[in-house]
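Protein chains: 2
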Amino acid sequence: MSNTLSADARALLFTEARTANLFTDKQVDLDLLRELYDLMKWGPTSMNSCPVRLCFLTTEEAKKRIMPALFDGNIARVQSAPIVAVLGHDMEFFEYLPKLFPHAPENKKIFENNETAAQINAFRNSTLQGAYFIIAARALGLDCGPMSGFDNARVDQEFFAGTHVKSNFLCTLGYSDASRNFDRGPRFEFEEVCQVL
Amino acid sequence: MSNTLSADARALLFTEARTANLFTDKQVDLDLLRELYDLMKWGPTSMNSCPVRLCFLTTEEAKKRIMPALFDGNIARVQSAPIVAVLGHDMEFFEYLPKLFPHAPENKKIFENNETAAQINAFRNSTLQGAYFIIAARALGLDCGPMSGFDNARVDQEFFAGTHVKSNFLCTLGYSDASRNFDRGPRFEFEEVCQVL
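First to last, the protein sequences are chains A and B. Residue 65 in our numbering is what sits at position 65 of the first sequence, and the numbering runs on without skipping anything. Residue 97 in our numbering is what sits at position 97 of the second sequence, and the numbering runs on without skipping anything.
It should be emphasised that the hints constitute simulated quantities derived from the structure, not laboratory data. A portion of the hints provided could be inaccurate.
Identical copies look the same in the list; a pair holds intra-copy or inter-copy alike.
What the hints assert, rightly or not - With a straight-line Cα cutoff of 20 angstroms, these simulated SDA-like cross-link-like pairs (lysine to any residue) come out:
| id | residue 1 | residue 2 |
| --- | --- | --- |
| 1 | K64 | D38 |
| 2 | K108 | Q157 |
| 3 | K99 | C194 |
| 4 | K166 | A117 |
Owing to the predicted nature of the structure, the values given are computational and were not obtained by experimental measurement.
The task is simple: from the sequences and hints, build the whole structure.
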């Protein structure tokens, strides 16, 4: 195992990677979804709590169910995507801590008795896992378009009714039409957002 | 640029990577902090809002300032780390949208007039950036130990007083003593947390 990532690999994941807007009609091999999960799942979460829950919309019929919840600016993006992933978190993730964090199963009680702590942990850690998802998708050669412009309550009702899962964000997956990407936005310089003490 | 990440690179970032517990005394070249930021900054955020703010504690004197805010289980970890990063988010990130998202500068108003939306956006997107930070650190050969077991209000007072920045989580950085890592926790199987519709 090499100690650092090559320039090529940095380009694939970060320096040259771009958020997808619209997609080509190249389909996504459904085996890649499993490969994607089997890569992202190794990213660290607090107490290995792994609160993310995923719902992959892979058919036109499934995609139709999410359309009414989208903000206008995201409709064409979702329509053009071969796959749309709904990323959510299980608000009762702590029920699984005895399995996932076997050396301190009693930590379940920290969250069982403190709804605010549970909410913060679920949101923070499912979002970390959402970023691992984005990076893992790029690692597999997929382009992705993460988006939070939608009605969360409506998505929860449609896809997570009767569960303790709440939606976090959506992510389109496929092979983007690079000619339809937006210009890349500027980033802050190190000095603008970093202090060294 | 290759289309997919090699098995070696997947190992470095995901499949073989491990959260650091205690560190060797090998120091971290401070130029790496800049390299780390210049890699992670390219990860996508909503409306390119880039709300993360970073404070790197690189001296014993700086590290001493965070000690009183730590939960007991994290004291030895922080003490042994050559660098501790405090990751926070600027609750007034939207002030910079006209610069960062120049094709829709009016989006600033969405958040200016809706504190809840601003809080959710700041937390979600700084957390995505926190995960990019973890992956970028690994890409540079660093080991990291993310942790949320600390008193956020106390850290905010110590490092972000007089600003609109709120702490999110901490991350130790260095070269870990692999013999002191915890056993790797189990992960959910695909079928346990993923639906395909």
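Worksheet item: Quick check: which numbered hints come out false for this structure?
Response: Hints 1 and 2 not satisfied by this model.
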